[in-house]
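Peer 1: These are the residues of each chain, in order.
There are 2 protein chains.
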Amino acid sequence: MATLPRQLHLNAFLRNIGQHEAAWRLPETRIAGITDIDHYIDLARTAERGKLDAIFFADHPVLKGKTEFRPFDALDPFTLVTALSGATSQIGLVSTASTTYNDPYSLARRFATLDHVSKGRAGWNIVTTANADAAANFGYPNHPDPDHRYRRADEFLQVTQKLWDSWEDDAIVGDKDAPRFVDPDKIHRIDHVGEHFSVAGPLEVPRSPQGRPVLFQAGSSEPGKDFATKYAEAIFTAQPTLEEGRDFYTDVKARIRRHGRNPDEVHILPGLSAIIGGTEAEAHALQRQLEDLTVPDYGLEQLSSIVGFPVTHDDLDRRLDFTDRQDTGTHFIKSRYALVKRMVHNEKLTVRELLLRLSGGRGHRVFAGTPEQVADTIEEWFTTGAADGFNLIPPALPSSLSAFVDHVVPELQRRGLFRTEYTGSTLRGHLGLNRPASRFTTAASAPAC
Amino acid sequence: MATLPRQLHLNAFLRNIGQHEAAWRLPETRIAGITDIDHYIDLARTAERGKLDAIFFADHPVLKGKTEFRPFDALDPFTLVTALSGATSQIGLVSTASTTYNDPYSLARRFATLDHVSKGRAGWNIVTTANADAAANFGYPNHPDPDHRYRRADEFLQVTQKLWDSWEDDAIVGDKDAPRFVDPDKIHRIDHVGEHFSVAGPLEVPRSPQGRPVLFQAGSSEPGKDFATKYAEAIFTAQPTLEEGRDFYTDVKARIRRHGRNPDEVHILPGLSAIIGGTEAEAHALQRQLEDLTVPDYGLEQLSSIVGFPVTHDDLDRRLDFTDRQDTGTHFIKSRYALVKRMVHNEKLTVRELLLRLSGGRGHRVFAGTPEQVADTIEEWFTTGAADGFNLIPPALPSSLSAFVDHVVPELQRRGLFRTEYTGSTLRGHLGLNRPASRFTTAASAPAC
Ligand SMILES: Cc1cc2nc3c(=O)[nH]c(=O)nc-3n(C[C@H](O)[C@H](O)[C@H](O)COP(=O)(O)O)c2cc1C
Ligand SMILES: Cc1cc2nc3c(=O)[nH]c(=O)nc-3n(C[C@H](O)[C@H](O)[C@H](O)COP(=O)(O)O)c2cc1C
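Protein sequence lines, in the order shown, are assigned to chains A and B. Residue numbering for the first sequence follows this note's numbering, starting at 5 and increasing by one per position. Residue numbering for the second sequence follows this note's numbering, starting at 5 and increasing by one per position.
Isolated chain A (complex conformation) (with noise of 0.2 Å):
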């Protein structure tokens, strides 16, 4: 038998009403949306339907600011994807956690406990958090600075690590007569002690279905990087351009290589904004509705934040002069504010026209078209080495998500490019990735997947 061509992977990722900061304004948008589970219940189930490998939220411990002009992310996202678990029964459920404000040993027994849940199911996007303004929630009077939050993202992986490891396959034995309920031999302490944490262990958790969960992550500094290299298994990023795209596969892939890894187990997944017309007339109309609604006070304040200067009304019509001026934001305002200071040079752009381009994608590409089209994109990064798939990021909820699913995903499907079938029912079967063995599993007694 031939094996299966290289398949595409997709997941949903769902900002509660629509990514687009219009969205809301849109005739159709259902406002309550945003805190009721039957939205939400209905987009897992269009995605489920659609073939996805997962659904995945955001995390953001934190109100952002100037919510007065558009939704946010209202709900803990691990609840929300918890609470869908019974809504669904084979499409992956990840959830955006914290290292730097979560502890290992909750977090771990919480995704552990997800995965038995949603039977094999559980993904952890792990983030250091971008919002600053965290911090103020929980204490700390700063938040901490990027190589403090990877170092300790680091050790947090270790722990969490060792914690999914602690029970061995097979200790549960559940032997009536002997009597015998577990082999203590097969759960193992970890007794952890570093710069950040000590953690005795073991979970009480029994290992679960997937042995770990799937690991996630959406860093793109140096150490964000690094980290990604060395621990993830799927990896989201904001890649503007094609070319953009292929110097991050490049790139990373090179990384995962150096660090001794599979580079084909590390899976690079691009957001993709795509807003869908039956013709190309009717998807531009769609995006020049979703731009004639987006609110300049919040333009300009997402705008001033990222440049880290005032810009006002009196501004519109000018275009940005960044002389004389310099970055001195976090690493994520500093990737952003090199894109905009490029987008502004390159296609000479007026702060009007800038933040109808700012408006859809949040960083993120947008793309309208019709199906064909969308497909045509996605199967130019997939075949030319920008990516291993999608992170589909529908600009308007549910309709750019069903938009995709009843014509898009058909159109890759008859490509060849993607299943039309789920062929197992753990998240790991989808990205075809193995089920890790624990530490502590001498190899003769692992298990197959």
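Think of the hints as simulated: they come from the structure by calculation, not from any bench. There may be inaccurate statements among the hints.
No copy is singled out in the list; a pair is fine if it fits within one copy or between any two copies.
To be verified - Calculated lysine to any residue pairs in the SDA-like style (CA-CA distance at most 20 Å, straight line):
#1 Lys123 with Ile45
#2 Lys180 with Thr33
#3 Lys70 with Arg19
#4 Lys123 with Gly90
#5 Lys123 with Asp77
We have chain A; now place chain B with the ligands onto it with these hints.
Peer 2: Structure of chain B with the ligands alone, referenced to chain A:
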């Protein structure tokens, strides 16, 4: 219309595959149930079929000793109860969570989210964590002493309540034309700064259906009772005899009154582990079957840790001698120590007999009888000032829960003591508790419940 007679409140406290330490050894017990979501879905639906107020789960963030000889709560309770939200539609969902090993922002965020995704069914059983071994999983050199734990718990509750209040009910405007997504004047920072926490807020979760989750509490020391009378809306307690139950009930209701609260708005719910048989003989045979399956090694270890000195196989046919012994344990252990000493003294029990007495309830009351006899004892406690309802702790799962729902519930309904249908769909509704107003809402703008 006449007001309804006072109604019982019944929760199902679900301990994995059964509260009785030997339940796992019964031929019909499915060992895999311990981590199997289908087992818990079945239990939750049975409880909902019985119109119980809530299901609830314990929290012990550490693997307890002697797992070799008996099962334990293997899953994170909050994650488990969240996963069950979609499998049920009316029953309350209560998770225990520790104020010692959580931070208030994250916990408030998770409970508010659970309240949204369950449409108003969330409850929090507040504990300061009984098991001192948990400290080693969180980098604490020692489990903090009770005074410290309850001071922290008090401040923890202040913070979480402020966070749940931080959004007024009508903060989301959703005016697409204005445009105005929220009214920022109805979202409040809390700027809490205290001994243990400093938390800026607001919460990012809009106010949830119940306003705040229902607060349960299970402390029984002096600071524990003070805390409960200040915050709890329902109190779980272990009371072995009717006399002790009445004393506790009278004491706690008086304390509540002294705190200026309405004692009818705080339900006192003792534990009850009912072994049910079609006839009295059948019930006693089932109890004997369970007792015959207990493992002395396990019981001896448990007993040693309660009394604080080693009790061995050689002691099985003697009576324990407490002369010259002093209790040195935590209060939790202290109250169990006193209980054991009293039992040995009053009933002249040998160690072997004592172990059997302790095997079923682990401190909670065990009662074996017919459905009518179980209903009789419930009615007696309920009508003579010892209980507002019960915390049912089924000895074997799922069998003892089904037996209660199929045979005792109809008997209680016939007697007019228990609802035949849910009259609302929130946990506050089931418990007859008011929905609290946000402290930031002026009285005039508060919505009706
Ligand atoms: C697709 C995607 C999703 C992200 N989701 C989150 C998130 O939910 N929470 C968060 O704090 N940061 C999130 N980030 C930001 C990254 O974690 C990271 O902070 C940012 O990319 C900067 O990289 P650095 O941390 O290496 O400096 C996301 C980034 C991408 C590309
Ligand atoms: C019904 C019931 C359930 C309890 N559940 C828990 C629990 O899940 N986790 C825990 O640490 N303690 C639990 N406890 C113990 C109490 O929180 C408390 O520690 C104990 O009763 C001693 O009281 P104190 O904390 O006031 O000393 C429970 C107690 C009762 C009566």
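Peer 1: So, for every hint listed, does it hold in this structure?
Peer 2: Evaluation of the provided hints:
1. Lys123 with Ile45: both (18 Å within a copy, 14 Å between copies)
2. Lys180 with Thr33: Between copies only: 10 Å across chains, 57 Å inside a chain, cut-off 20 Å.
3. Lys70 with Arg19: For lysine 70 and arginine 19, the Cα distance is within 20 Å only inside one copy (16 Å; across copies 45 Å).
4. Lys123 with Gly90: both (10 Å within a copy, 16 Å between copies)
5. Lys123 with Asp77: This pair counts as between: shortest inter-copy Cα distance 18 Å, intra-copy 26 Å.
When each numbered hint is compared with the structure, no violation occurs for any of them.
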